[in-house]
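A.B. asks: Sequence:
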Amino acid sequence: MGKIRFELNKEGVRELLQSREMQDELAAQAQKKAAAAGDGYSSDVHIGTKRAYANIYPSTKEAAHDNYENNTLEKVIRS
Numbered sequence: 000m001g002k003i004r005f006e007l008n009k010e011g012v013r014e015l016l017q018s019r020e021m022q023d024e025l026a027a028q029a030q031k032k033a034a035a036a037g038d039g040y041s042s043d044v045h046i047g048t049k050r051a052y053a054n055i056y057p058s059t060k061e062a063a064h065d066n067y068e069n070n071t072l073e074k075v076i077r078s
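Just so it is clear: in the sequence shown, position 13 is 12 by numbering that gives the first Met the number 0, and no numbers are missing.
I should point out that these hints are in silico values taken from the structure, not numbers from a laboratory. A virtual CB, placed ideally from N, CA and C, is assigned to each residue, including glycine. Just to be clear, a hint being listed does not mean it is correct.
Said to hold, decoys possible - Label pairs and their calculated CB-CB ranges:
hint, residue 1, residue 2, range
1, R77, V12, 26 to 36 Å
2, H45, V12, 11 to 21 Å
3, A27, E73, 19 to 29 Å
4, T59, E24, 24 to 34 Å
5, R4, E68, 52 to 62 Å
6, N70, L7, 31 to 41 Å
Claimed, not checked - In silico DSS-like pairs for lysine-lysine, Cα to Cα no more than 27 Å straight-line:
hint, residue 1, residue 2
7, K32, K60
8, K74, K31
9, K31, K9
10, K60, K49
11, K31, K60
12, K74, K32
13, K32, K49
14, K60, K9
Work out the full structure: start from the sequences and follow the hints.
C.D. replies: Structure (structure tokens):
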């Protein structure tokens, strides 16, 4: 049996990771986690040089304090 050679199309992978579909899925998952964290947590999606990213963050002082005291985002993301 001969060796199989596999060559990854890096541009195609980058296009997939930055696609509208990937952004929509990331936004849906991030919104779900932000809602699970409680009031005062928000999410957003942005495109980096190689892929799309989702952020979940406390958007109010109360949520920031809650996250500081209870590690809320860490608990929500790990669940």
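A.B. asks: Take the hints in turn and mark each one as holding or not.
C.D. replies: Quick rundown of the hints versus the structure:
The hint said 26 to 36 Å for the Cβ distance between R77 and V12, and at roughly 27 Å that hint holds. At about 19 Å, the CB distance of H45 to V12 agrees with the hint of 11 to 21 Å. For the hinted restraint 19 to 29 Å between A27 and E73, the CB-CB distance of approximately 21 Å keeps it satisfied. Taking the beta carbon of each, T59 and E24 are about 26 Å apart, inside 24 to 34 Å as hinted.
Checked against the given bound of 52 to 62 Å, the beta carbons of R4 and E68, roughly 54 Å apart, stay inside it. At roughly 37 Å, the beta-carbon separation of N70 and L7 lies within the given 31 to 41 Å, and the hint holds. Taking the CA atoms of K32 and K60, the gap is about 19 Å. The hint holds against a cut of 27 Å. Distance hint between K74 and K31 is fulfilled; the C-alpha atoms sit about 14 Å from each other, no more than 27 Å.
Under the criterion of a C-alpha separation no larger than 27 Å, the hint pairing K31 with K9 is inconsistent with the structure, at around 30 Å. For the hint linking K60 to K49, the alpha-carbon distance of about 32 Å lies beyond 27 Å, and the restraint is violated. For the hint linking K31 to K60, the alpha-carbon distance of about 21 Å falls within 27 Å, and the restraint holds. For the hint linking K74 to K32, the alpha-carbon distance of about 10 Å falls within 27 Å, and the restraint holds.
At roughly 24 Å between alpha-carbon atoms, K32 and K49 fall within 27 Å of each other, so this suggested pair holds. As the CA atoms of K60 and K9 are separated by approximately 42 Å, the hinted pair breaks the 27 Å bound.
Checked against the numbered hints above, the structure violates hints 9, 10, 14; every other hint is satisfied.
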